[in-house]
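Listed below, chain by chain, are the residues.
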Amino acid sequence: MIKLVNVTKKFGAITALDHINLSIDDGEYLCILGQTGAGKTTLLRTIAGLLKPDEGEIYVDGELVNDLPPEQRNAVYMFQQFALFPHMDVWQNVSFSPVIKDWDEDRIKNLTFEILEMVKLAERRDAFPNELSGGMQQRVALARGIASGARILLLDEPLGALDARLRVELRTQLRKLVKDQRLTAVHVTHDQEEALMIADRVVVLRRGKIEQIGTPNEVYLRPQSIFVLSFVGGANFLEGNVVRVSDSGSLIEMQSGLHILVSDRSRSIGERVVVAVRLEEVSVGIEVVNSTNSFSGVVETAMFIGGSMEYGVRLENDVLLFSRILLSDAVRAYKPGERVVVSFNPENCYVFAYPVIGLLKEIEAI
Amino acid sequence: MVQRSRNFAFLPKLVVLVAIAAFFFFVLLPTFYLISYVFLRWGEVQLEVFANPIIGDENWGQILKVLFFSFRLSLSTVAFDLVFGVLLAYVLARKRFPGKSLLEDLVTLPLVIPTSGFGFATLITWTTVGGIGGLLGLNSGLMPLNAIVPIINVPFVLFIVHISLTLPYVVRTLETKFQSIDTTFEIASRTLGASTVTTFRNILLPLAVPGVFSGAVLAFARSLGETGATMIVSGVSSTASIAIVRWASEFKLATASFMGSLLVVIAWVIILPVELYFNRRGGSFKISYQLPPSLSNKIIKMEKFASKSLPRIKDFLPLFIIATTIIVPIVMVLNSVMLYWSADPYTGKAQGGVVYQLFGPSNYFNSILQATSTSIIVALVATYVATCIAIPLAFIIERRRYGGFIRTLLKVPLIIPSSSLGLSVLLLWGPSCFDLINSGIWLIILTHIVFSVPVIVESIIAAYEGSNIQMYEDSARTLGATAYNAIETISLPLIKGGILTGFVLSFTRSLGETGATFIVMGRDMTVPALVVNMVEALAIPAALFTSTYLIFLSMALLAVIRILTRR
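If you read the protein sequences in the order shown, they are chains F and B. Each step along the first sequence adds one to the number in our numbering, with nothing skipped, and position 141 is 141. Each step along the second sequence adds one to the number in our numbering, with nothing skipped, and position 124 is 124.
Any given hint might turn out to be false.
[To be verified] Rough simulated footprint, nothing fancy, chain F against chain B, three-plus residues with beta-carbon under 8 Å:
| no. | region |
| --- | --- |
| 1 | 467-479 |
| 2 | 500-510 |
[Unchecked claim] With a straight-line Cα cutoff of 25 Å, these simulated SDA-like cross-link-like pairs (lysine to any residue) come out:
| no. | chain 1 | residue 1 | chain 2 | residue 2 |
| --- | --- | --- | --- | --- |
| 3 | F | Lys361 | F | Thr15 |
| 4 | F | Lys109 | B | Asn485 |
| 5 | B | Lys308 | B | Arg201 |
| 6 | B | Lys252 | B | Pro53 |
| 7 | F | Lys101 | B | Gln470 |
| 8 | F | Lys52 | B | Lys13 |
| 9 | B | Lys95 | B | Pro150 |
| 10 | B | Lys65 | B | Pro150 |
| 11 | F | Lys52 | B | Arg201 |
| 12 | F | Lys52 | B | Ile187 |
| 13 | B | Lys496 | F | Ala127 |
| 14 | F | Lys52 | B | Pro53 |
| 15 | B | Lys308 | B | Ile487 |
| 16 | F | Lys101 | B | Met471 |
| 17 | F | Lys101 | F | Arg182 |
[What the hints assert, rightly or not] Partial chain F-side listing against chain B, Cβ under 7 Å, derived:
| no. | residue |
| --- | --- |
| 18 | Leu50 |
| 19 | Ser246 |
| 20 | Ala353 |
The hints are simulated quantities; they were obtained by calculation from the structure and are not laboratory data. Where a beta carbon is used, it is the ideal one built from N, C-alpha and C, also for glycine.
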C-alpha cells in the first residue's frame, strides 16, 4: 500500500503539490486525471523518489520512504516516450534491471524470455528501440518494468505517444496486464475517457490539489465540484439565484426571468448558484411535453459528432444550451434556425454555490 | 543495501570537488596569474614599458601600435567573415546538393589544420612563383608579401589567412543555428507573399542573431589570438600575439605579460558581456526597427527582383571564397612539394630540393620524426588528462545549480589569445611562481590541457543535451540502478560519441597549436613549431614537405571525426 500524507512540493513560487493525502491499495489501478500543469507528473515523480517532497511523508507498505533513493523503492517509472535505452537492444533493455541487481544468470535468461513471450516480442529480442513501432516500444517498456520485479508501476501518460486508435486498443490490454500480474498501477493522464475506462479509482487533480477521489462512476455521476463536472464529461452551466425551496425541490431564477426547477434542496433562498446539466440529459423536441424545465428556443448550431448529434439552442433569455442526442435515440434531425423546445429533468441538475473566482475562471483550463 | 550506499555517500562529493579543483588549478589559474603577475611586478613593468632608462616609453608606443593593428585586422576579418559566412551557412543549412558533406568538411578543415602549415601554404600561393603567379605565367608571385588591402590597411596575405582560419567559426555556429530554426516560419512567410530574400531578412536573420553574435565572438577571439600562421605570413607587420612571442623569447617577461594581460582583458571586456547577454536571454533576441513605408516597399521590391536573380550568386560566391582561401593553398603546397621534390626547379640545384633537405646534412627528416613524436605525446597526454577533467565537469555543468557559472568560466580559456596562454602557463609553473617545471614537453602539455578542457566539455554537453540523459537515468534509477550504476551503464555509453568527438577535436587542436607552444616548448619542438623554424631558416622545401605532412595528418583526423559523429 502506498500512502501519502500532506505531501507538498514547490518549484520556486509555484506550488505543484499542495498537501496531498492519498492512499493506494495493493493491486489497485489508480488514475490521476488533470490538465497540463495540474501537478500529475510531479505527484508521480514524488512517489517514484525522483523528486523529494518539501513537506509530508510517503509510506510504502507502512515504511517511510522519503529518504529512500528511487532504486530502492521498487516502483518503476514509465515515461511517455518510454525511455528505452537507445544503445541497448530489446533483450538488454528488458533484462536491464535483473542484470543490475545481479540476479542468477539462468534466472535472468528464463525471466526475460518469459516476459518477452508474454508481450509477444520474443522474436524481436535483437532489435534496437528505434527499429520498433510505437506500440512495440510501449510493450518493451512494460516488459522492462515487470522484469524488474517491481510491484508498483508508475505510468506517466503511457499511451500519450501512440496514435489515437492504438491508444484505445491498448487501454484494455494495459489494465489486463496489470491485473494479471497483480501489480499496483498509478497512471497519469489528461484524457478523461481513458481514466474513466481503465481505472479502479480516479483522482482528479487541479492546481496541485485533489478535487475528488472516487470510482469512475462516482466521479462522473456525483461530481463534487464545478471543475470536476466540466472536466469529466462536461455540461451546460447556468447562473441564477435560489428563489424558492419546497418539497419538490428548489426553484432557481435565471438572469432574464426564466425559472429552473431542481431536485436539490440544500441551497438557501437568495443564494447565488450555478446549475449544471449534462449535454446528454437535455432533450430536444418540437412541442412541450412536460411543463417543468421546458424552454423554447432556436437551433443555432447542429454538429455531427461520431454516433450523436450536438445541438446548440439559443433560449429566449439569450442563453445558449447544448444538447447531445444519440443517433439511435433521435426522433428526427433539426436544422439551424428551426424553433424547438429543450427540456431536462429536475433530478439531472447539479447545483453548486457560485464560485468566488467567477464561473468562467473556475471552468477554464488550469 | 541502504547501508552500502550510505558508506559511499561522500564519493560523488569527492569527485565533484576533485574535478572543480583540477579545473581551477589547471585551466583557470594560469590566466589569473598572468594578470596578477603584472600587478605583482608592477615596478618591473613600469621600468620596461613606461620608463626605460634608455628608450623611455618606446615599448608602450610599440604596444599601442600592435594593439591597434591587431584590432583593425580582427575586426575587418570578422566583418568579412560575417558577410560570406552568413551566406555559406544558409546554403549549408537549407539546401541539399551533391557534394554538400565534402563542402562541410572543407569549411571545417581550418579548424583542425595546423596553422603554421596552413599559413605557409597561403604564403606560397600568393607571394611566390610556385603559387598562383606561376600558374598565370608570371615570373614572380601574384603579389608581394607586403601588398596592402586598401581602406583597412592590413597586409593582404595576413588578411586572407585570418579569414580562412576564422570563417569556420562563423559558418559552423550559424549553420547549427539556422538548422535549429523550424522551416515552418520560412514556409509561412513565403506563403504569405514574401520573397526568399525578404523572408531571409525578416524571419531567418532576426531569429539567428544570437548565432551571428556568438560566431562573430569566436572568430574575433580566434583572429586576435592567432599566432602560428601569423608568424609566417606577417612579414614586417606585427600583431599583438606575435609581439608577445617575440618579447617572451627575448626574456622581456614584464613587457610580454603586460601585453598579454591587456589582450586578455580586452578580449573579456568585448566578449563576455555578449556571451552573458545571450546566455541569460536564452537565445531570444528582438530587433525592432521601423523603416518609412516608401523605403520599405522599395527594399521589398528590390528583394523580389534579387530573389529571382540571386540564387546563382548566392551559391557561387561562398564556393569561390572557400576555393581561394582553403582549396587553392592546399593544392598549391602539394604542387610545390612535387616541383621541389628532387631539386629547386628554378636553379636546378639539388640542395634546394625536398629530398636533399630532409636527408642531407641538415637532416630535417630526423627533426620531423622527433617533432612528430613530441607532438603526439603532447596531444595524447594533454587530451587524456583534459578528458578526465572534462567528463565530470560536463556532468557538474548539467546537474548542479552553479553549472552555468562554471560554463561561463570555461569561456575564459576559449577566448584567451594563445600566446598569452603560453606566457601565462610559463609564468605560473616556471621559475617566477611555482618553479616546478621548466620549458619543455611537460610545460607544453600543461598549456594544451588549458584549451583542451573547454573543447571536450562543449562536445560532451552537446551530446548530453541532445539525448535526454535525465529521462534515461531516471528510468534506470526506478528500475533499480544506483546513481553510480546509471552513470556507468546509461549516461556514459549515451554520450560516448560526444566524448570521442571531443577527444579527437582536442587532439587535432593540440597537434596544430603553435602560438602558445612556441613560448613554452624550450628545446622540445612540436611539428607546427618546426615549420615556423624552417621558414625562418629559409629551408623552404623542408617547410613545404612538413606543411603537407601536417595537412594530411589533420585531414586523416578529420575523417576520423566524420566517422565518429556519423555513428
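Evaluated hints:
no. : hint                  : in the structure
1   : 467-479               : holds (count 10)
2   : 500-510               : violated (count 0)
3   : Lys361(F) x Thr15(F)  : 19 Å, holds
4   : Lys109(F) x Asn485(B) : 21 Å, holds
5   : Lys308(B) x Arg201(B) : 15 Å, holds
6   : Lys252(B) x Pro53(B)  : 15 Å, holds
7   : Lys101(F) x Gln470(B) : 21 Å, holds
8   : Lys52(F) x Lys13(B)   : 19 Å, holds
9   : Lys95(B) x Pro150(B)  : 35 Å, violated
10  : Lys65(B) x Pro150(B)  : 19 Å, holds
11  : Lys52(F) x Arg201(B)  : 48 Å, violated
12  : Lys52(F) x Ile187(B)  : 45 Å, violated
13  : Lys496(B) x Ala127(F) : 21 Å, holds
14  : Lys52(F) x Pro53(B)   : 69 Å, violated
15  : Lys308(B) x Ile487(B) : 54 Å, violated
16  : Lys101(F) x Met471(B) : 20 Å, holds
17  : Lys101(F) x Arg182(F) : 22 Å, holds
18  : Leu50                 : 5 Å, holds
19  : Ser246                : 58 Å, violated
20  : Ala353                : 42 Å, violated
Hint compliance for this structure: hints 2, 9, 11, 12, 14, 15, 19, 20 are not met, and every other hint is.
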